[in-house]
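Residue numbers (our numbering), protein chains in the order written: chain A, -10 to 347; chain B, -10 to 347; chain C, -10 to 347; chain D, -10 to 347.
A hint or two may mislead.
Since copy identity is lost for identical chains, a pair holds within one copy or between any two.
DSBU-like mimics (lysine-lysine), calculated; alpha carbons at most 35 Å apart, straight line [said to hold, decoys possible]: (1) Lys21 <-> Lys346; (2) Lys346 <-> Lys248; (3) Lys128 <-> Lys159; (4) Lys346 <-> Lys231; (5) Lys102 <-> Lys319.
Derived from the structure by calculation, the hints contain no laboratory data.
Number of protein chains: 4
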Amino acid sequence: MVNALTTNAPSGGIEFHNVLIPDQKDFEVKLKPLYTGICGTDRGEVNGSLSFAYNQPGYNFLVLGHEAVCQVIDATENEYGIKTGDYVVPVVRRPGNCVNCRIGREDNCSDGKKNEAGITGLHGFMRDYFFDSPGNLVKVNDRSMVREAVLTEPAKNVMKAFEVFDTISKRSIYQNEDSTFAGKNCLIIGSGSEAFIYTMMAHEYMFNVYMTNRHTLGESKLSILEKTGSIFFDYTDNVPLKGIDLLIDTSGDPATIFKFVRMMNNNGVTILFGTNGKAPGTQVNGEDIDYIIERNICMVGSVDGAKKHYFDALRYLEKWGHSQNSVINKLITGTYSPENTEIFLTKPEGEIKSIIKW
Amino acid sequence: MVNALTTNAPSGGIEFHNVLIPDQKDFEVKLKPLYTGICGTDRGEVNGSLSFAYNQPGYNFLVLGHEAVCQVIDATENEYGIKTGDYVVPVVRRPGNCVNCRIGREDNCSDGKKNEAGITGLHGFMRDYFFDSPGNLVKVNDRSMVREAVLTEPAKNVMKAFEVFDTISKRSIYQNEDSTFAGKNCLIIGSGSEAFIYTMMAHEYMFNVYMTNRHTLGESKLSILEKTGSIFFDYTDNVPLKGIDLLIDTSGDPATIFKFVRMMNNNGVTILFGTNGKAPGTQVNGEDIDYIIERNICMVGSVDGAKKHYFDALRYLEKWGHSQNSVINKLITGTYSPENTEIFLTKPEGEIKSIIKW
Amino acid sequence: MVNALTTNAPSGGIEFHNVLIPDQKDFEVKLKPLYTGICGTDRGEVNGSLSFAYNQPGYNFLVLGHEAVCQVIDATENEYGIKTGDYVVPVVRRPGNCVNCRIGREDNCSDGKKNEAGITGLHGFMRDYFFDSPGNLVKVNDRSMVREAVLTEPAKNVMKAFEVFDTISKRSIYQNEDSTFAGKNCLIIGSGSEAFIYTMMAHEYMFNVYMTNRHTLGESKLSILEKTGSIFFDYTDNVPLKGIDLLIDTSGDPATIFKFVRMMNNNGVTILFGTNGKAPGTQVNGEDIDYIIERNICMVGSVDGAKKHYFDALRYLEKWGHSQNSVINKLITGTYSPENTEIFLTKPEGEIKSIIKW
Amino acid sequence: MVNALTTNAPSGGIEFHNVLIPDQKDFEVKLKPLYTGICGTDRGEVNGSLSFAYNQPGYNFLVLGHEAVCQVIDATENEYGIKTGDYVVPVVRRPGNCVNCRIGREDNCSDGKKNEAGITGLHGFMRDYFFDSPGNLVKVNDRSMVREAVLTEPAKNVMKAFEVFDTISKRSIYQNEDSTFAGKNCLIIGSGSEAFIYTMMAHEYMFNVYMTNRHTLGESKLSILEKTGSIFFDYTDNVPLKGIDLLIDTSGDPATIFKFVRMMNNNGVTILFGTNGKAPGTQVNGEDIDYIIERNICMVGSVDGAKKHYFDALRYLEKWGHSQNSVINKLITGTYSPENTEIFLTKPEGEIKSIIKW
């Protein structure tokens, strides 16, 4: 028996209770979650709006949670060097047998036959302890960053998205005549935790970085953005930038996406990242298609990330955590106990990332 | 004075008459068009629906024509080896000064400051003779293919589009586990000349090739498709294929595009190529964005092609022209005289490509 | 019992005799070789100089032969559409379990645990009949090219080498300012069958194509080269070209390779392809390393090719076979019977490719 | 008149004296060097062994120095935002007009018609002050890193080399089956400042990192290596690693290079970076060429870096400077005054990087 936060996928609900999940002792590592993050996907599962979620076969419930940092309680010797006492982040997606899954790129799964812990057919990490294979764990070396490492999972999505950008921007010369991206504009739609991580990564590429939303931001968020050198604007009010070279959407809202696609510069790239299946439709017409073609614009969906991207994410989080004007610790805006299930139902004011302490 | 087919861009109209264009003797090569092709862009200019077209500065008219095969009447010696008597295809786009234009990739122009002969600010090729630089000419080596070489200009767009595909498909393992594309599905929307060239190129990549439109095709077009091993379907009737790996749109119609984007396989690529600014809008909603993201789907506009693609196009046209079951000569469905300006106003029944003989 | 040409790898020898190889009926296709090609690898095995060759486990001999075109005598229904009566080329390398083998790229095998028919641990194709899986067969669609299809196996190596070139040349802008390779020089060292196929492929890329060797060529070879528009020179005599952009070695001779590496242009690529383990050494000094670094020069080995490259090879052979001034059929300079084993011991005067008719 | 450290290229010599260089007032920024680094190139110029060095046209001397961090003394307003008081690193190479130079990639110059400050035809940075364009300056944002920023110039070469590696490693699946490089071996030949920077970058890629030389290292260097998690071995003694996936040479010594090329794993990449024109030759034979081909090994020269790489270098130096166990400040092993010209003639014991304080 283990204490766990569960839902009944896809219909929804949330419960913190004692459930029976037999120990998977063929998995060599026993893990205790220290912190788990809550994101829109978790809330979607709980309110029943995530139609593709499903319980682990053989269970009438699904343990929630795919963002976690854990401590190794017990580990048999393994080739990955994972040892008792280590701090680790578990990988969410587990491979099927397609050509991409075979080479560790289940984020690019060709046939959809993969699983995602806490989302599709596999219990998640919001429980007192669980077992896993050492190959699914990414070690946190910098012990001063254990709490912040809960951001690794969302950050790995950002790493993958920029890998996609790197490939796609090779269609033409995307850089300036001085070989850099200096002066190019990156606009990020949305103001959640992943939007903030996108701004930090866009600065690494030397973009001028803008964030937008349909409302203004609170003092705290604005102050974080300012420290990173980014500019926020409420797009219902005014739009201070002239052309966009890299557009990243974290909202999933078609109307907002196409509003800004119509401002893309030649050879521009739009990364579609945020999902909101219930977002209302918007009209796309012949002139929009024209605009995209005449400027060689690319719109590309990017989902998940590979183990490689978890490592990249951790490296960047450590870098940002130790940099001047670090804002990483401020991205965690609230810490809750597992009993407090209300946090899955109502998003706290000013939330960037809410986490649960186990 | 020279006989030319002109319009008044962007308001439209069509006239075949004698106009005054001073000889550009700083251009080293004098050219006589043999055949010029007519496409949707020409008709758009004539009926006044191409808002971005404009006259050559200093003229109150624009000579039409960007698809041509010409003979060299007179040439001074040049580094490109262009000689009197040669058959050549002139390049349409002329570079500005952006980073892409500087390296011969004006098809990827970053700032839009390029010109297009017969379309934007530069007289086209539908006239008795004109002057050009040898660097703007692509030689037709195979004299049995001179008439078919008029298809080089549309075919070069196809070459560029597949270059874009080559880059974008490197995001993940796109090939099958046997390293080929065998069994993957390519769907081409539309049934004009470029749609046919796309089918031929898709076969080179080993795709299963489908063409679709909102109506059925005449006997002649169906027979050409059959010879190339492609399958046509009227999508208002039924859709015989299950998933799409490469979708190429030549219609510019948003409703049709998104109808089929919703059938894309994981890691699929949609090339947006056809433009129709007057096409009615379609609704794109949150679930469409979701679908694109969860499958890592990419939608990318591709316009024009570089000199490199003209050479590639000619090589493929020659290959296809000499292959078993060649259909290349059947793609030219009608030959007209310049006096017959009616051809710009009404598309003949069963047209794939109409050309003018000079 | 089956008639076969065998050796005893790696010690050598050649015999045409009746041997016992049990029918592998778990393989769905029965094949009869029509033509098999002889290359330096076969001769190396026969004269005992190929140290890495070894017999198929369980046999004290190895059936020779990795270049073949076969007819399907019997086939059960299969997903690859291989049918009785079809002409096919069998693939040489068979995958192990590394990340490259898993995705059909055994040509890039990471751990060396693959097999090669007729070379390393797997009986080859020089026998009256054999069995194989349909997935290992590449269909020859153009029945007028069946004999020439025996060149598919060597040609697939050329396709892979150019794939490698395509990747490596993306380090910088390798194209001219007009986006093409026009005016760039490709030099091919050696004058065997693969050297000739390399010249043809280099022309597809628009290189100025040169071939060289340490002796002059006979009339017949010179005439073939001339038809393809290539230039030959005897490098012991003079070297007519100034700088090299793409150097392809088919000789395996270090002294010749480094002689020409010292003539590479900036950003140049050298493909190492030909092997000759017994070739004498040459001195490489600090200035050679300097030269390579200061010019960003790349030297890269390329071995074998994937199934994809067999298809590409066949497509190009068909194209070249149907082109004006085709020389493909002239590349086969002699046809022999299997009894005539002398052909493995002595290279005939003027040989490009010698084949065995079964 | 300005105090400067000069040589007479290419014959050599070193002098610190007052020379006349008219102010270049068309350059908008006046700069005062704070620190300049000394490297093998400077010593090669001084001892007359760098045959390709030459004086700036119009002068019978060349101001030395290409590694510098400067302070802006005076700047007119400019689009790069360079202001009086800023700390900056000046770029070394200045473009010609080839396709690579045109897009800011003079590090990939196609025709060799570029200049390098302090080396080829352009006065360097070892003087009391000089003028430059703001586009040639890279700003140091982190004021706690000003002294360490003198390492930006050597580090930018490392960034370029890894860019080359990124491109070349795409020939095949180079990653492990878990999508990372974990467990792959990188060996760096040499133990100078760039070798140390290479080790740090190789760790970012998750390689197991080894450094080697023909002698053992002093305590101090060994302790730095240990802190970065790298392993040193004296290759005249023993070689503790089995296979090499990435080999980086900073020695320019052919015998050492080929010793380790013979230990490369399949699909391995060798970066040639260090130059030593006077290094003795080594024998390369047929079996070496064989080895390279059968394993798809690549050897590639990499020189210089673009402005982009200066920015990348600074970002990594800042990251490493702020990380746990930082060793960056220990890479600077000695600080000298410009009068002390002896430092150009004799390399101090245990030197990693010697710098001059202005």
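Going through the hints against the structure:
no. : hint              : result
1   : Lys21 <-> Lys346  : within (11 Å within a copy, 53 Å between copies)
2   : Lys346 <-> Lys248 : neither (40 Å within a copy, 45 Å between copies)
3   : Lys128 <-> Lys159 : both (32 Å within a copy, 27 Å between copies)
4   : Lys346 <-> Lys231 : neither (44 Å within a copy, 44 Å between copies)
5   : Lys102 <-> Lys319 : neither (37 Å within a copy, 45 Å between copies)
Violated hints for the displayed structure, listed by number in ascending order: 2, 4 and 5.
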